[in-house]
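S.K.: Dock chain B against the given chain A, drawing on the hints supplied.
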Amino acid sequence: DIRMTQSPASLSASLGETVNIECLASEDIYSDLAWYQQKPGKSPQLLIYNANSLQNGVPSRFSGSGSGTQYSLKINSLQSEDVATYFCQQYNNYPLTFGSGTKLEIK
Amino acid sequence: QIQLVQSGPELKKPGESLKISCKASGYTFTDYAMQWVKQAPGKGLQYMGWINTQTGKPTYADDFKERFVFSLETSASTAYLQINNLKNEDTATYFCARTEGYWGQGVMVTVSS
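Protein sequences, first through last, are from chains A and B.
Residue 16 is where the first sequence starts when you use the working numbering, and the numbers rise one by one after that.
Residue 4 is where the second sequence starts when you use the working numbering, and the numbers rise one by one after that.
Hints were generated in silico from the structure; no laboratory data involved.
Note that the coordinates shown come from a computational prediction; the quantities given were computed from them, not determined experimentally.
Accuracy of the hints is not assured; some may be wrong.
[To be verified] Chain B regions said to be covered by chain A (calculated; three or more residues, Cβ under 8 Å):
1. 52-65
2. 103-116
[Said to hold, decoys possible] Rough simulated footprint, nothing fancy, chain B against chain A, three-plus residues with beta-carbon under 8 Å:
3. 60-69
4. 110-118
[To be verified] Non-contacting residues of chain A with respect to chain B, defined by C-beta distances greater than 10 Å in every case (computed):
5. GLY31
6. SER80
7. SER95
8. ASN107
No residue lacks a Cβ here, since even glycine has one placed at the ideal position from N, Cα and C.
Same shape as in the complex, but just chain B:
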C-alpha cells in the first residue's frame, strides 16, 4: 500500500539546521510531485511548496523562499526538507504529502534555546 514515512521528532537551538526525510513506498516515486505543509502548534495548515520528483525542481511559497530547501534522493524514493538558520517560529509539525490524499505522519520540530 502507498505510504509516506517521515523521520522522527527534532529538538534544535536557534541558528541550527535540520533535515527531515519523507520516504515513499507503494508507488513509483517519480510519478507524483511531493508537497510540504507546515502546521504550527494549535494552528492551521500552511502550504510550503512542492518539488518535481522527475526533475528535482523545487517551487517555494512566498513565506518559504529563504532558509528552506526541498531535495530528493530518487534512488531511495525519499524527499527531504532542510531548514537552515532555525528560528523559534519554525516550531511546528511538518508534513510531506502526495496528491490523492496521501500524507506522511508529520515531524514535530521544536526550536528552543
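Chain A extracted, bound-state conformation:
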C-alpha cells in the first residue's frame, strides 16, 4: 500500500496569512493526488485534484503543487471559513490512501 505522510498535524495561523500543508507519498504517485477540506460533522469537500487542478467553485486562494512523491496545498490570505481539517489522498494505486490530516485553526 502507498503510505501518505502528511504534515503538520496541526497548524495555527492568523487571518490573511499564507499556510502550506505537505504530503509525502511512499512512492511515485504521478500527480494522482487530491486535497480535501472537512469541517466538523460534514463530509469531505474536494479542493484540488490531479495535484494542481482547482475543483469548480473552490476559491482561487487554494492551490496545489508537486510531483513524484512530494505535494503541497497552499492557502493564501487565510479566511475564518478555512478553519477545517485538510486531507490528501492518492488515487494512483489501490487501495486509495489518505494522509492523516492537518487541523487548521485561526490564531
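M.R.: Here is chain B on its own, set in the frame of chain A:
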C-alpha cells in the same frame, strides 16, 4: 444535480448486523464505481474499498475483508454497505463517495452494549 444520499444513523449492539444505503441521483449510476470510507470519532479517513457498479464486483482493503459486504441495487441506483458481527471498533461515520469529489453525507454508526 449529482447527489449521494445515505441512510440515517444507527445504534447497534455488538454481534448484530447492519446495512447502510447510498442512493445516487443526477448521473448514470453504472458509469462510476462507488467507494466506501470509514472515519472513526476524531480520527482520519480510512479507505474501505470499492464496488464496480457495472459488474457488482467488490474490492476490499485489507482491514475490511472480513465482516464487510458491498452490494448494489442497480435498478434503484443504490449501493449498500453491510457490516456483520459488529464490534465496538466499528463505531464510526461511514461515507460513500464517487470520483470527482462527490460524497454522501455520512452515516454515524454507534456500536455499544
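S.K.: Test the statement that A:SER95 is away from the interface with chain B: the closest C-beta pair must be farther apart than 10 Å.
M.R.: holds (22 Å)
S.K.: Mind checking, does the region 60-69 of chain A have 3 or more residues with a CB under 8 Å from chain B?
M.R.: Our answer is that it holds, as 3 residues pass the Cβ test (under 8 Å) against chain B, meeting three.
S.K.: For the region 110-118 of chain A, do at least 3 residues have a Cβ located nearer than 8 Å to some Cβ of chain B?
M.R.: Check passed, 7 qualifying residues.
S.K.: Confirm or reject the coverage of the region 52-65 of chain B by chain A under the rule of 3 or more residues with a beta carbon closer than 8 Å to the chain's beta carbons.
M.R.: With 5 residues in contact (Cβ-Cβ under 8 Å with chain A), the coverage given for the region 52-65 of chain B holds.
S.K.: Are all C-beta atoms of chain B more than 10 Å from that of A:ASN107?
M.R.: holds (13 Å)
S.K.: Using C-beta distances, would you say chain A covers the region 103-116 of chain B, given that this needs three or more residues below 8 Å?
M.R.: holds (count 6)
S.K.: Regarding the assertion that A:SER80 does not contact chain B, is the least Cβ-Cβ distance greater than 10 Å?
M.R.: Holds, since 19 Å exceeds 10 Å.
S.K.: Taking the minimum C-beta separation from A:GLY31 to chain B, is that value above 10 Å?
M.R.: Correct as stated: the minimum Cβ-Cβ distance to chain B is 27 Å, above 10 Å.
Going through the hint list in order, the structure satisfies each hint without exception.
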